[in-house]
Amino acid sequence: MRPTAALLGRPYRKLRLTTKDINKGFYKGNRTGSMGTHTKWGGYKIDYDKVRTYVVPENLNEFTLTPFVSQKIRPKWGDYSEATDKMGPRSPALYLKRWKEENGYD
Amino acid sequence: MAAATVVRRRAGQLVQTTLPNASTATTCSTSRFAPIASQAQAQAPSLIPDCPSSRPSSSRPFSTTPSLGKRRVRFRDNNPNRGVSVLYRSGPREPRSMSRVDLPRPRDVDLKKLAAERVDPDHGLWEFFYDKMAANTPAESGEHGRSWTVEELRAKSWDDLHKLWWVCCKERNRIATAANMREEYEMGFGDNEGDERDAVVLKTMKSIKHTLTERWYAWEDAVKLAKEDPEIDLTAGEGQAYTPRDYLSEEEIVEAQITAPKKGEGTSIPPPPPTSRSRDVRGGAKI
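In the order they appear, the protein sequences are chains B and U. According to full-length UniProt numbering, the first sequence holds residues 1 to 106 in order. According to full-length UniProt numbering, the second sequence holds residues 1 to 287 in order.
Be a bit skeptical, because a hint or two may be false.
As the list claims (entries may be wrong) - Each pair of labels, with its calculated beta carbon distance range:
# : chain 1 : residue 1 : chain 2 : residue 2 : range
1 : B       : 89        : U       : 246       : 24 to 30 Å
2 : U       : 183       : B       : 53        : 46 to 52 Å
3 : U       : 155       : B       : 5         : 48 to 54 Å
4 : B       : 36        : U       : 129       : 44 to 50 Å
What the hints assert, rightly or not - Pairs of lysine-lysine, DSS-like flavour, derived with a Cα cap of 27 Å:
# : chain 1 : residue 1 : chain 2 : residue 2
5 : U       : 224       : B       : 76
6 : U       : 209       : B       : 50
7 : B       : 50        : B       : 76
The set of hints was computed from the structure by calculation and includes no laboratory data. Note that the structure is a prediction, hence the values are computed from the model and not measured. Just so you know, even glycine gets a beta-carbon here, dropped at the ideal spot from N, CA and C.
With the rest of the complex left out, here is chain B (with noise of 0.2 Å):
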């Protein structure tokens, strides 16, 4: 009894990995990233640029919309005709046309 070659291949893998499974250095983490650096004497010096800072923005209560719209609502396309880059809504042209007929100040 063999299992199927589909199942022997490289990328296929019953188990989760853990530390156990590989070589020393092997780093997995818990997605949480870091808050500050290592000392070299061991300590820890916490850097407050990579502490998480959640901005809650001003008059949340008064916001009406929710995260969904009605489905009577269809979705309709952009027109993006004036961008003559072919880069849609992404078009930096029409960013600096819009600039400058809305604002053009700051």
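The hints should help you fit chain U onto chain B, whose structure is shown.
Leaving out everything else, chain U in the frame of chain B:
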């Protein structure tokens, strides 16, 4: 003289209470706690102790002999527990030491009222719940629209997108709380609807990120484009960056063409033909 015992059921438990009323005790002449002298007159002992007799109380002879509190009737199989049954709540044969003591009653408290007094109805943590309920019904969670499309979000300002992102986060918190509650109380339904709702919110959040990323790259390239634009001087200071072409004199136009030599294609100074330049710009941008 012992008082008659009454076996009642209270809150699903077997309780023996003592009737304090002496007249009731005298009417119960068939009680098994009757004096020994009267046992000859008494009827066969009954397992149902409270049986108000129709006989007049004067037929009971007076006796000062204390009750032994223990019946001496021998059953045919010598089983002392004959007839004692939990199922039909016969009660124990002999009174227990606590038989005269009533069971403690729980305090008469309206828990909902108490909770309403102690819990702030406007507490921020209530935002984790739908209408302060543990979880909404599957029908309620299924009632939602579609997600926002990127095209719709392109028209929104930064502040709107920021707020919409937070609204989405709160909605996801509510969905996750309801899912947790369903698991905790083993409701066994509504997971599918909750997951579908979550997927729609996630799609909206993904569209928000799409919009903002696209806007960022467009701005990045637009700044490069602006440096080549004769109408725009980014070093001029705040509020001075843009001078429309209509207000430029001929000399200034020529000057602007000299300072931006790549621009000088004929007399007209249109915004640069974006096809060729934007390709260069696109190559420089980190996409």
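Going through the hints against the structure:
1. 89/B / 246/U: 24 to 30 Å: holds, 28 Å
2. 183/U / 53/B: 46 to 52 Å: Cβ of residue 183/U to Cβ of residue 53/B: about 32 Å, so the range 46 to 52 Å is violated.
3. 155/U / 5/B: 48 to 54 Å: At 52 Å between Cβs, range holds.
4. 36/B / 129/U: 44 to 50 Å: violated, 36 Å
5. 224/U / 76/B: The hint is violated at about 31 Å.
6. 209/U / 50/B: Distance ~21 Å between residue 209/U and residue 50/B Cα, so the pair holds.
7. 50/B / 76/B: Answer violated: residue 50/B to residue 76/B is near 40 Å, above 27 Å.
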